[in-house]
Structures are given as structure tokens and as C-alpha cells.
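Colleague: Residue numbers (this note's numbering), protein chains in the order written: chain A, 1 to 282; chain B, 1001 to 1274; chain C, 2001 to 2315; chain D, 3001 to 3508.
Hint data in this document are derived by calculation from the structure and do not stem from the laboratory.
In this text the structure is predicted, and so the values were computed from the model without any measurement.
Each residue gets a CB set at the ideal place from its N, CA and C atoms; glycine is no exception.
Each hint should be verified, as a subset may be incorrect.
[As the list claims (entries may be wrong)] Reference listing, derived: stretches of chain D covered by chain A, where coverage requires no fewer than 3 residues with Cβ under 8 Å from a Cβ of chain A: (1) 3353-3361; (2) 3389-3396; (3) 3457-3463; (4) 3470-3481.
[To be verified] A short, non-exhaustive set of chain C residues, derived as facing chain B with CB atoms under 7 Å: (5) Ser2020; (6) Arg2064; (7) Arg2067; (8) Gly2111; (9) Asn2209; (10) Asp2211; (11) Phe2212; (12) Arg2217; (13) Ala2218; (14) Gly2220; (15) His2230; (16) Asn2234; (17) Pro2238.
[Claimed, not checked] Some but not every residue of chain C turned toward chain D, in silico, with C-beta under 7 Å: (18) His2004; (19) Phe2024; (20) Met2027; (21) Gly2040; (22) Thr2047; (23) Gly2088; (24) Trp2170; (25) Gly2171.
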Amino acid sequence: MRALVLRPRRGFRLDDATLLVGAVLTALLVGVALLSLVWTPEDPARMRILQKLRGPLVSGLLGTDHLGRDLASMLMRGAFNSLTIAFAAVGLGAVLGTLAGVAAAAGPRFDAVLMRVCDALFALPPILSAIMLGALLGPGAPTAIIAIGVFMIPVFARVTRGAAMQIWAREYIMAARMAGKGTVRITLEHVLPNIAGQIIVQVTIQLAMAILTEAGLSFLGLGLPPPAPTWGRMLAESQTYLTQAPHLALAPGLAIAAAVLGLNLLGDGLAARLDPRRRQAS
Amino acid sequence: MLAIRNLSIAFPGPDGPVRVVDGVSLEVARGESLGIVGESGSGKSMLSLATIGLLPRSARTSGEIRLEGRNILGMSERALCGVRGRRIGMIFQEPMTALNPAMTAGQQIAEGIRLHRAAGRAEARAEALRLLDRVRIPDPARRIDSYPHEMSGGQRQRVGIAIALALKPDLLIADEPTTALDVTVQKEILDILDELVADLGLSLILISHDLGVIARSTDRTLVMCRGRAVEQGTTEAVLRQPTAAYTRDLIAALPRRARAGLGAAAPLAAGDAR
Amino acid sequence: MLRHLARRAAGFAVTFLLISVLVFGMMEIVPGDPASAMLGTSATPETLAALRAQMGLDAPAVIRYLRWLGGLLSGDLGVSTTYGVPVGALILERLAVTLPLTGLAVLLAVGIALPLGVTAASRPGGVADGVATLYAQAGIAVPNFWIGLLLIMTVALGLGWLPAGGFPGWGDGPGPALRALLLPALALAIPQSAVLTRVTRASVVEVMNEDFVRTARAKGASVSRALWRHAVPNALVPVITMLGLQISFLIGGAVLVENVFTLPGMGRLAWQALAQRDLIVIQNVVMVFATVVIVVNLGVDLLYTVVDPRLRRRA
Amino acid sequence: MVSRSRFSRPRRHLLRSALLAALAIPALAGAAVAAPRTDLVLGMPVEPPGLDPTSAAPTVIGQVVWQNVFEGLTRVDRDGKVQPQLARSWTVSPDGLTYTFALQAGVKFHNGEAFDANTAKFALDAIRAPGSVNPQKALYAVIADVKAPDSGTLVLTLSKPSGNLLFWLGLPAAVMVEPKSRDGLKSNPVGTGPFRFASWRKGDRVELTRSPDHWDAARKVHLDKVTFRFIGDPQAAAAALRAGDVDAYPLLPAPELYGAFQKDKAFTAVPGLTEMKVVAGMNNAAKPFSDKRVRQALMMAVDRKLLIEGAYSGYGAAIGSHYTPNDPGYKDLTGVYPYDPQKAKALLAEAGYGKGLTFTFKSPQMAYATRTAEILQAMFAEVGVTMTIAPTEFPAKWVQEVMRDRSFDMTVIAHAEPLDIAIYANDPYYFGYKNPAFNTVVATAAEATDEATRLKLYGEAQGILAEDVPALFLFVLPKLSVWKAKLTGFWKNEPVPSNDLTEVRWTE
């Protein structure tokens, strides 16, 4: 599957801009998430039910939710929770997926087996399987991580396999083999570095997808259990207040959009920077 | 027929515009064939692209390219479309990539015809068949419906020529037509070009880095080096009495027997003053 | 050619079997059984045992698996424990909603992404390119159930042009049914079209640099003709790959949009069946879903050969 | 080819105005002449998993078919009183052990089968049979034998007197069914009610049509066609109401949307009460909740008013025991352990948990449950108690872990069965509450045929529970019903989970 790449327009300038904006947004995101561990305007779990559904700036920076909790603090702590789940899930998906993909490209025997497993995983309806996992492992961060991560494995496997196969077909791999290098060393020294660009692009895209899937899971009552706020659950719970208190839905929605935008731009910028072939093209 | 005066082409580079073609002037009369020779990167391809107005958007040009009196550089895109294919035909270097992999040979030739003439599908196809025969493709009836990846390099180049000839243009530009082909096929392609020039009275610009090709089938020759025209004259003159040092180097680079075959000037003794 | 198809069919059979074991196994170890789901808070041990017997749940797992698999192959998918109707009919009813919904969503997604992506690629850095990139980034970032809600608020309630949810069924003609599917299809299509726009744009820009596009221009073809007649057909392969991936997601992942628009589709059937632990329905829904995904993959492969003759000989 | 000139300017103008006129006429005609509508579209938050109330528990089944498709020997009316139905009249023997029912004559099932004493015997025997999966089977265990001396009379002999039998016989679980259609009721309900089952598009809607030959001429039905549409998402439900696709929504699940409908002239929205008692059940059989003081302390840590405001936007009524204000004999016991964090902390310290108490809370995934859980978590934190919430998939996983395996510390659920205070006497049951004194009070109340003594005994039972706190008695869910202003005849409260449409009609 060809990597989703934003073609650079005039040589360097666009790549740098994408990378810069992406890096800044992501840094901001991670910064807020880490800060929330130490300080938040209010304790995100503290309820003042009588001050519920207050608008932004009326009570606290972004107002309060349906149970009177401070929205700004919840968003900050939510950033940390959503990001940890997303990074862990993508970590799981990327590592296992890449391993499978690279192994499939290296050994034809692996290829048949792994691709069948990937097809099977791919054919399971994502949301349904997440619910099954939720019921099986019980709610909690590990379940959310596994439920989201498992379905990334086939995606990473497919991307890595495709890219790795292209590299295996190159002449310099024949040369390396002539030099007596084993399949594993070739994979580590030649294959992986060359497909790193495409993997990184996939990582940032899947990070964005992970945050959205967590929102979907929370909508189904599966994500991280209360009182730990996550953007997904805030969005899900804001749904019935859309007409009365739109800021409840807007705040997490915009946060997710900014995070996804930042991660995607970072991914595109990195991909353009890492993949020499793309950088020189007119 | 075609007159280029003081043509310069520049591209915006990291530190200021880079001149790829610098003040080149040349003329091609009707029925005459002009060879342009020079190393790769000497600007000869850019020159040909400029002639049919297909330079990349970022190119900045100055000077004139007059085709039968009308200046190509000033022309609108719509007018240029009228010129390309009908007045000037172009043959490219890489037969492997020059043809659309998703269209059959017949379709690609017929498209050229139907772009300029209100010809029906059947009529265009018949014309394409005739053209394929004209460029001596083996078994044209089958080849008309085969895809580029089902043909050899030589056959594909023949289709390229057929495409360029579709509308009997006045001027044919062949940009390194034989470079990507092996020697035997090169000779066949060049024979076809010579025949066409002779039969149809076309003007031809043949671009190549290979002096042998230029010597064989061009009346006059222009030598280019780093974007500048260093020498221009009849092919015999350029070969026998090269005036520019660069031309002599080019000739010196030819293997001895090839040089003799072409009647080119003997190289100066080593140590000559350049 | 036949050998190739046979090998692929064998591959699918293995995948099919693998999925059936996977889903049956999952349902066996998931806590909670249909009897307890049915009896709720007034479940006494006695009635629970009686219901389990009635549902044939006390047979050993392997026997039930083989009985189900046998039924699957012979076309009798068994009877739903919650609804008491044959599962086959139930799934067909739901497919009559999900397939048109997915089809409409794909059409809308392609309808948005192809023109946007191609025009963006025709003038990199131009206005269209800016719009396409912005749309792509924003489209990916917004969850589809959220877009669904906004559409209900604005189009259905605000302007009253389209129904705010529900599905009138195909009984009284395609008109009302399609009107009911339009907004949910749009909610599904927007995020998908965002991804598709990016893929289309990248692929078309890549192809525009190919030599044969310049040959076409040299023949006198205008920029747009060279773009649409020459560049786009050759840029479709990666687009189709992405489309194949998205279709499988749309079919299984639409449960959230189906929920917001109260559409009786496969997603909600799966969700309700899981809540009721209606094993027969879940297992068959997953198998049908897997079949659809496999068929879609086959379709994608066939589409490759149509679009790119070079692949024709190999497939 | 029509040349442009033919449509000269004046002609085109004429054409346009004619078109507009044509459109206007039908709209005008429509409003003036039409008779009141006879069709109704009802919105429901949950789709029933089947349509046979005698074989599955979910109350939503009764909310579709009870009193519409099925009828019982007796019926419970909108005020919770027992009224005759298929049993015209009855006499009870002095010792309260023999009930003789005189049945309505000439009653037919929708499939043409006749209803008589033998069918009634078949229905009651089916409920009491060993293999029966009737959800309320325990209630009818008191019936020892059923006899049908002739087609018009039914005689029940009880093992011990029961004050509530006539009420239990009026519940959805005891509706009359006949042998031929018995097995297919789940997807093709056949009863004696005023509406017949027409169609069920799974996941979307159930349609009922008026039964032409209904036996009860007195209760003439005003509707020809009723559609139950299942709209789970509250926002979609509100949208469907406003868009006019749905005419009434008897149980709006999202209290936060209710205020807007109350202010909207086009709708009638008057909150009533249901029988759904939200109680936080505790595992009395294990530490820490085996110690009464801990339970009482937690009861005092809960501010019921604030909890209702947070969980249900202020709708619903606080309760001090397992009894709703609707039911006869209700005593307001919210004052037994009122909100008093200081006293709660002191009691916890006295019980040995001064330094803190931690337990897990298995919360089913309904909106009211998760919100209640989060609010309780915050309130308990105020008194130094840490509660971790474990969202548990409902119904399957929750029923298995809480009801069957009883592996839980605290949970929350709304008990929907009317007059079900006796469940605290059940053994085994998820509370794990064993109080012989309570059991005798409840048992004697059940046997008391005289109304006054029964209500006094139930009052005593409520007192014991309020003091013993086997579960935190929180609040009763409101019946947030909304219907178009031109509709009348709906029930305000819900003594029995139902949507009795027999009196519903359009006023104009």
C-alpha cells in the first residue's frame, strides 16, 4: 500500500513547514499531557453538581461538564490518558505488525501463514471484536490498548511487507547476500532502515486513528473507566447535551482534531525528510 | 520553416536563476534535417521542449522561437495545442515509459488523429493501421491492439514515431530516439526516419549525444555545450574542420575506426594547445 | 489462470476456517451467556438452567461448533435465540440496509475525493491543493458519529430536508429509503473521502511526472485531457487499494453511525446480538462480514486488472 | 425543438404563477377537512429481544404488547388498582385458599382460537411447569392446582393465602396464551387484545393493527394502526419528535433533553414516576458490607437530592426503602439516614475503617448507572472512602458476575418489578441479606387478604430495610413521557411497565 505522502511542492519549503507545524502541535500536545500529571486548574474528578453545564469562562477556562467537573482540567488529563492509550496501542500494533511484515517478506513460508492470519484479523469487524475483548478482559487501559492495537497489526504488516518486498528485490540486497550476510542481518541493516520512512508515516496516521477509535470505544462504554477522563468519553457523554451545552462537545472534538492534525503533519514532514527519493523530486 | 533567435531558458534555483539554455539561435528550412549534439545536461532537450511549449511551469524563457513566422513563446495554451502534433511531431527517448501503459498502440495513435481532425473511430483506426505499416512494425493487425508492455523497445519506438507522424507534421523533433535501443534496432529506426524525411519532405531535428547518429542522417549540425551553441554548420564541415575546441574533443572521444568511417578529422597530437 | 484462482480460493477457505474458529472460541470464553442475558434481574438458578437447556447450550462446545459449521455450509444458519427467527432472514434484512449504505458512502467518498484529489494534483501548490490538504487533514480528524450528529442538527432538524433517522424500508420504493440513507452515508463518507483525497493526490502527482503524460501533451492533448485520460487511469491502483481497506471498515465499523441514525444495519445487529449473547447471530454475522470482506478483496484484485493491463496477464 | 421565443416573457410568467397555484390547493384542502388521525407512531429507547412476556424478563416486552396484544385474567389500571379483564368476576373462599373466576364469554384469540377455562388452565399450568422459563415463576408458585369445571369457570387452589395474587395475575408475565401459537409467540405474538401483531422489522419497528372483533365493546379503541419505532440514541429520539416522524416517546432516556420539551407548546411533557427503584446493592455476605455500620455510614454519605440532580437532571423521587411513592402503603423513610458526612465518617471510624476503605463498584453500562456510579464515587471520596468503578457489560456479564456468581462488592441497578420488596427475603439472592424477622413480616403480608393489615405490614417491612440498609436506597426513575399536544389517553405513571394504548386518541 503506497504510503500516504503529501507531495512536496517547491523542494524544501513545504516539507519544513509541515514538519515544523506538526512538531510544534505535537510538542504542545505532549507538553499539556505531561503538565496535567503535575498541575491542572482544578482536580479533574472534583464534582460541583450545582455548577454543572456552565459555559466557558463562566466557571473555569472552558466551563463545566454535566457533573460540574472542570472541563479544562479534564481535557488536560484526558490528553495524557488518550495519548498513553494511543501510543501504547500503536506501539503494540507497530512492533508486532512490522515484525510480521518483515518476516513475511523475508521468508515465503512465514508469508503464507502470516498473511492468512492478517486476513483473518482484518475480516473481523473492528468494533464488535473490541466489545468482545472488553467483555473478556474486563474494562481498563490494557483492554483498550489491546482492542485498538490488535487491529493495527494487519495494517502495519501489510505496509511493511509491501515495502520490504520492494527492498528485497533491489540489487544491493543481492550484493549483501553475496557478502554472506544472513537474512536477519540483511533485514536489520538494509531492509528496516529503508522502510523506516513509510513505517513512521503509518505510525503517525495510526496514532491519529487510535485516538478516534478510543472515542468510539468510549461511545460504547468501553474505553478507560471513570474517573480517569479521556477525550473519547468526554465526546461520547457530550452527545446528549449538544443543543444545551455545545461547548461540551466542541472542546474534546477540537482537541482531537488538533492532535490528529499535528500528528499527521509531523508524519508527513518526517516522511519527506527521511525518504531521500521524495525530497529531490521536482 | 523554424527560426530560433537568442533563446535563453532559466530555472529558479536555491541561489538565483540557473540558465539551462543561454542565447541559442538556429534555423531549420523545410525538408532540411538538423542534428543537435552535446553531452547530457547541455540543454538540448530543454531546447526541444521549448519549441513545442512544454517547459515545466517554473521555467523562465527569453528570445524568440518562430514557426513559419508565428512566435511559439507568446502563444496561448489553446493555440499551442493546435500546433503540437499537427505542425510539430515529437519522438522521445525512453520507449519504455513514453507510451501510456493502459492504452493500446492503436488507441494512442488514433487519439492523435482525432484530436485534430473530426475523424470517426473506424477511420482513425484504419489510419493508425496504415501508419504502423509505414513504420514497418511486424504484423501490424495484431500489434494495433497490444499494450506497450507486450512489445519490445524497438516496436514501441516505432509506435512513438507513428504517433508523431499521425498528422503529417511539417517538423519532426526526435529527442535521442535511439539512445535506449540496442545497436541493431538503432539502425532500423534511423532508416525509417531517413525514409520519412525523404518521402514526406519533413524537416527533422535529430537530438543525440552520439556523433555517429548525427553524422549519418543530418544535413547540418549544431553543437551545444553547457547551454551554449558552440558551433553550427553543415555536418561534413563540423566533422572535418571542427572550429570549436569542444567539437574536437567530441570527435576525439569517438573510437578510431568509427571516426574513420565518418571521415571525421584526425585528432590533434596530444599536448596541443586547447 | 485457473491454478491461480484455485490457490486463492484455498487461501480464502483457510482464512474462513480460521475466522470461524476464532469467533467461536471468543464467544465461548466471553463471560455471560444468553440465558442470563435473557432473564435479567429475576434470574433464579432454576429458570436459568431450564433456559440453557431450551437453547441447547449444554451440549459440549465442539459438538455445537461442528453443528454450526455444518449448518453454515448447507445454508441453514440456525435460529436466533433472542428473536426466534432464522438467522439467515435476519441477516439478509440487515444487509439490505448496510450494503446500500456502504455503497452510497463509497460513491460519495469517491465522488468527493477523486475530483478534489485530481484537481489538487494538477496544480500542486495551487488553491485546490490547499483546499484538498486542509479538507484531508480536517476530515481525518473528526469522528464519523460526531459528523452524523452535526448533520442531524443542521440538515434534518434545521432545514428539514431529510429525515432525522430511521429507515422506512425498501417496501415503498427506493425514494424514501435512499433519502433516509443519504445523511448517514455522508457521515461515513466524509472521513473516508479525506483519506482517499490524500491517496489520490499523492498518486496522481506521481503519475503526472511520467513521460507518457508529456507524450500526450506533445500530441496536442490539453492539460485536462492529459490529466484525466492519461494520468488518472494510471494513478488508480493505490486508490483502489485504499478503497478496498475502507469498504471492509465501513461494513463492520458503521455501528456508531447506525446507532446515531437508528438504522437497522449489520453493525447494530452485531452489537445487540453481542449484548444478548445471541451466539448463533454473532457467529453468523462475523462469517457474513468476513465473506463480504473477502469478496471485496477479490473485487479489488479484479479492478486492478481492469485498470492496469500490465497486471492482467499475471492475475 | 421548441424555439426559445415561444416562451415569451408574459407567457412564462403566467406559467409560473399557475404552477404555484396548483401546489397551494392541496395544502389548504388538507388542513380544513381531515378527520383526526387514527395512526400513531411511538418511540421506544430499547428494542424488545422478543414479544413473548411469558418467556423473557425485559420490561420493554410488556411495554409493547401488554394490554395491546395480550390480556390477562385481571389487569392493573393506570392507578395501580386491579380490574377485571378476561375474568369477569371472582369469589374468594373465606380461608383465602380457593379463587373461583367467572370468565368472559365469546372471546377469541387473533388466530381464531376460542378462549375458555381450558385455555386459561393451559396458560397458568405453562407458567408453573417445572421446565417453565417464565421470569416471574416464583410469584405464581403459591398456586397449588388449577381446575376448569366448565368452559366458563376457572378454580385456583392455593398452598397458602396470598393478598397479591390478583395483582400478580394482572402482570405481563401472566397474560393468557393458547397452545397452538404458544411456541412462536416470541416473533409472532397471538393474544386476545384490541390490537393484532402486523409486522416486525428487526432493529427498526413493530407494527400493530386494530383487531376488528375485540370482545370488550366497553373499551373501544380509537387507533387503527400503531408503530413502535426503536430509537436508542436520545439525541436521535429528540430529533425524530421535533421532525414529526414520531408522535410520542413514553420513556425519554435523556433527562437533560426533557426541559426543552416541557417548554415547547407543541408537546405535552409531564414527568410521572415509574416502578424502577435505583438501589446500590451491597454484598451483605462479605466484608466490608457484612458490617451494618459500614452500610449505614455510606447511606449517610449520599446526598440523594444532589445525586438526582446530577444523574437525572433533578427528575425522579428520592426513596428511603425498596418502595415507590406510587404504591399503596408507601412510607417516606429518606429521613432514617439523611445526608450527614461527619456522622458517616464517625460511624466508619467506629466500624474500624477510620484510616480508609476501598472497594470495587460493578457498574452496568446504562446512562443512569454510570452517572450514579461517578457521583457516588465523588461523595464517598468526601468521607475518605475510595471506590474503583468497573464498568461491566450489561446484561450478560453483569447478570453472571453479580446475580449468579455474586462476586461483587457494590453495584447499582433499577429494579423494575412492581411491589417487589419481597426480593430481600429471597435466598439465594445477590444482596446476600438474611433477616428472619423481615422474612416473616413479608410472608404474613403476602398472605394477608385484608388490605389494611397488608399495607401496615409492608410499612413495617420498609422500616426494617430503611434501618438495616442491605442496599443504598437512592431514587425512583421518573417516567419522562413526551407526546404531541393533540394526543391524550397516555398513562402519567407506570405502576406496571407498559404502554396501554387502549385509551389513546388524537383530539383533532
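Colleague: If any of the earlier hints don't hold here, list their numbers in rising order.
Modeller: 1, 3, 4, 5, 6, 7, 8, 9, 17, 18, 19, 20, 23, 24, 25
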